[in-house]
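Q: Listed below, chain by chain, are the residues.
2 protein chains.
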Amino acid sequence: MKKNLLVAQSGGPSSAVNATLSGILTEAIKSPEIDKVYGGVNGIYGIISRQLVELTSQMHTNEDFKLLETTPGMALGSCRFQLPAPTADSRLYDEILNIFEEYHIGYFLYLGGANSMDTVQKLGQYFREKGADIQVIGVPKTVDNDMPCTDHTPGFGSAAKFIATSMLEIIRDSEAYPISSVTIVEIMGKESGWLTAASILPRVLGNEAPHLVYLPEVPFSMGQFINDVQQERKKHRSVVIAVSEGIQFSDGTYVSQPQSGETEYTGVGQVLERALVSTVGGKVRSVVLNVLQRCSGHLLSQTDITEARRMGTFAVRHALAGETGKVMCFERISNAPYLVNIGVVPVEDILQGGIKKFPLEWISSENNDLTQQALDYMVPLIEGEVEYPCKMGMPVHFHFDLTVGK
Amino acid sequence: MKKNLLVAQSGGPSSAVNATLSGILTEAIKSPEIDKVYGGVNGIYGIISRQLVELTSQMHTNEDFKLLETTPGMALGSCRFQLPAPTADSRLYDEILNIFEEYHIGYFLYLGGANSMDTVQKLGQYFREKGADIQVIGVPKTVDNDMPCTDHTPGFGSAAKFIATSMLEIIRDSEAYPISSVTIVEIMGKESGWLTAASILPRVLGNEAPHLVYLPEVPFSMGQFINDVQQERKKHRSVVIAVSEGIQFSDGTYVSQPQSGETEYTGVGQVLERALVSTVGGKVRSVVLNVLQRCSGHLLSQTDITEARRMGTFAVRHALAGETGKVMCFERISNAPYLVNIGVVPVEDILQGGIKKFPLEWISSENNDLTQQALDYMVPLIEGEVEYPCKMGMPVHFHFDLTVGK
Numbered sequence: 001m002k003k004n005l006l007v008a009q010s011g012g013p014s015s016a017v018n019a020t021l022s023g024i025l026t027e028a029i030k031s032p033e034i035d036k037v038y039g040g041v042n043g044i045y046g047i048i049s050r051q052l053v054e055l056t057s058q059m060h061t062n063e064d065f066k067l068l069e070t071t072p073g074m075a076l077g078s079c080r081f082q083l084p085a086p087t088a089d090s091r092l093y094d095e096i097l098n099i100f101e102e103y104h105i106g107y108f109l110y111l112g113g114a115n116s117m118d119t120v121q122k123l124g125q126y127f128r129e130k131g132a133d134i135q136v137i138g139v140p141k142t143v144d145n146d147m148p149c150t151d152h153t154p155g156f157g158s159a160a161k162f163i164a165t166s167m168l169e170i171i172r173d174s175e176a177y178p179i180s181s182v183t184i185v186e187i188m189g190k191e192s193g194w195l196t197a198a199s200i201l202p203r204v205l206g207n208e209a210p211h212l213v214y215l216p217e218v219p220f221s222m223g224q225f226i227n228d229v230q231q232e233r234k235k236h237r238s239v240v241i242a243v244s245e246g247i248q249f250s251d252g253t254y255v256s257q258p259q260s261g262e263t264e265y266t267g268v269g270q271v272l273e274r275a276l277v278s279t280v281g282g283k284v285r286s287v288v289l290n291v292l293q294r295c296s297g298h299l300l301s302q303t304d305i306t307e308a309r310r311m312g313t314f315a316v317r318h319a320l321a322g323e324t325g326k327v328m329c330f331e332r333i334s335n336a337p338y339l340v341n342i343g344v345v346p347v348e349d350i351l352q353g354g355i356k357k358f359p360l361e362w363i364s365s366e367n368n369d370l371t372q373q374a375l376d377y378m379v380p381l382i383e384g385e386v387e388y389p390c391k392m393g394m395p396v397h398f399h400f401d402l403t404v405g406k
Numbered sequence: 001m002k003k004n005l006l007v008a009q010s011g012g013p014s015s016a017v018n019a020t021l022s023g024i025l026t027e028a029i030k031s032p033e034i035d036k037v038y039g040g041v042n043g044i045y046g047i048i049s050r051q052l053v054e055l056t057s058q059m060h061t062n063e064d065f066k067l068l069e070t071t072p073g074m075a076l077g078s079c080r081f082q083l084p085a086p087t088a089d090s091r092l093y094d095e096i097l098n099i100f101e102e103y104h105i106g107y108f109l110y111l112g113g114a115n116s117m118d119t120v121q122k123l124g125q126y127f128r129e130k131g132a133d134i135q136v137i138g139v140p141k142t143v144d145n146d147m148p149c150t151d152h153t154p155g156f157g158s159a160a161k162f163i164a165t166s167m168l169e170i171i172r173d174s175e176a177y178p179i180s181s182v183t184i185v186e187i188m189g190k191e192s193g194w195l196t197a198a199s200i201l202p203r204v205l206g207n208e209a210p211h212l213v214y215l216p217e218v219p220f221s222m223g224q225f226i227n228d229v230q231q232e233r234k235k236h237r238s239v240v241i242a243v244s245e246g247i248q249f250s251d252g253t254y255v256s257q258p259q260s261g262e263t264e265y266t267g268v269g270q271v272l273e274r275a276l277v278s279t280v281g282g283k284v285r286s287v288v289l290n291v292l293q294r295c296s297g298h299l300l301s302q303t304d305i306t307e308a309r310r311m312g313t314f315a316v317r318h319a320l321a322g323e324t325g326k327v328m329c330f331e332r333i334s335n336a337p338y339l340v341n342i343g344v345v346p347v348e349d350i351l352q353g354g355i356k357k358f359p360l361e362w363i364s365s366e367n368n369d370l371t372q373q374a375l376d377y378m379v380p381l382i383e384g385e386v387e388y389p390c391k392m393g394m395p396v397h398f399h400f401d402l403t404v405g406k
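Chains A and B, in that order, give the protein sequences.
Quick note on numbering: the numbering used here labels position 82 of the first sequence as 82, and the sequence is numbered without any gaps.
Quick note on numbering: the numbering used here labels position 381 of the second sequence as 381, and the sequence is numbered without any gaps.
Simulated from the structure, these hints should not be mistaken for laboratory data.
Among the clues, some could well be false.
[Claimed, not checked] DSS-like cross-link-like pairs, simulated, lysine-lysine; straight-line CA separation at most 25 angstroms:
hint : chain 1 : residue 1 : chain 2 : residue 2
1    : A       : 66        : A       : 36
2    : A       : 190       : B       : 30
3    : A       : 235       : A       : 283
4    : A       : 2         : A       : 30
5    : A       : 283       : B       : 190
6    : B       : 234       : B       : 190
Please read all numbers here as calculations on a predicted model, not as lab measurements.
Kindly generate the complete structure, drawing on both the sequences and the hints.
A: Quick look at the structure:
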């Protein structure tokens, strides 16, 4: 008997999570084992209140699938909701099983970051214990790239491409004037330095900048920082610095933490800017690469979007093959030529793996720069440009009708 | 006798000022009246210390001209240097004339904002008084779009396209979660609201957001702002607000000015974020659209780049026709179809015109939104996408050899 597939999105938006969804829809719609595809609106949070909408009938042409691929954000809506332990609220789990049975769900694909994989683990285990024939597969999505057991995560490549391109353009901007200047670029990544690392990519095009790079994996010293900048100013008229929002002093406190007299966190770029103004002096500015890092649908990596879509199609196949409690992953075979396998790992491995930090051996001994290995790792992930349809000068986005019960 | 043409760039970088330079080079190189084209490095500041480089021999193929068009920043370097009055330092002017004669300069094209047009006026007048046969033409460049006597300025369209696209993507990002939220987007424009106005463009694609828009042309009231947000929160789960960095209270003080106990300006987005957190409450975030607004070479308006290049070619023709002390301008004939004439105005008109503010009649009576006329004005300026060459996933930029005396 044919069953239905349920897909939902969770965690922070990215530029590639809808490409994964597009891959899932493509594969599920053409699979004879699957009847309807339902979308859970706002992740597991919406599913537990029966916010399920039928998606199959909303995909009409190949253009719809392509449009969904280049639409940033979360086409099905997201949540930051984690299920309680089954022992704490077994009635909630019974109710979820009821809903799944009511909608004849045989396959549940959950797109999200490490926190969302907790849901995959709990539901997968619960369904197994109850003998319910429902396969649960997790599909990674995090621009932060800090999920363990996978070479990288869909969304990181496009975020890295946006950061690399932005850094390149900020370098061009900073070169304009004949006076000496320092530009600090603050980049996302509270827990890991992957996104900040992407800022060094302009070097493969012959740029020397960024001249200094600070990641949260190694302790930050304000004295060393000021010294670093003084050294670079002797060599370059325009010094450009990349810094992760998550850098910490050796005692573990964030550089961006409130100072005496302050009540709120200041951006780390502003903190460093003030420190330089009061010591090194001269023209100093800080630039924050904002939320566009995770939603720049107008600047996508073709590698990332292709991989995100393929991971979606493979997730459907693994579910159809009867696998459950598994998470999709990438295994890199080689950098050049760039070769990647798509596989699965047990969800428990993801949960036990913790945060995948940027490798310490790819950070220079002075803690202010990265090695060639970092470039070799990142270059393939940002390659290729994605065309997207425009109307009146702006990208066109795909929209589902998320009205429940139509 | 053939003469040489000198071109230089001044003021803040933009995404289109190198397209204007490309148009100038194209036209000058094919004009039989012109021998060599020189570039002044770092504007008039570099010219007075003989920083002139030959450009003609650096343009080899059509691809070079196209690459220059899509390179953001200032390919010749910039300055923020204004000439003293001729009466204050006549020797400097004599020296400039010496340099121009030494290099056989017959035409000087100066690309810049309103401040740079002061140089056009002073040099044009001085050369005329001395009977020197040197035509001086100003070519506008300002993303702020606040130069008088022209419908718009090259660079504004691409900046507006970046702002519109960013706003569209921030709207997608902000829709993801089921909880109520407020997103404040801070946009460039200390003196005028043109760039902030571009944030409403997503509405022509059917988006309701941004729900509130605040420009520096009208006084800002914190009480009214909080009330506005409370009203919009009743209507929309995710409220998005666009605000100019230059908004002021009715007494003329900037909303971003240091508060008691503070020593530095805070971003206006942060000020408004704090005000909402302490009154309306809930999830509030502020996003600063940074320097990428003026240097996003990866997201250019075809209309803007085409017009910028054409304005460059026309500037050469006007100089060859013997005009001097003039500034290039656009005159809009109609919005739909979009028709624009390129002409010239006396530089004195520009200098006397002051800052061209955003029209008050395009701002709603509540001072928190804009009218359809604003959309009609802006839509044609962002139309068309520009392809650019990429290498290893990033845009390739054009570089002149700016070594003097080679």
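Q: Which constraints among the numbered hints does this structure fail? Numbers only, ascending.
A: The structure conflicts with hints 2 and 6, although it agrees with all the remaining ones.
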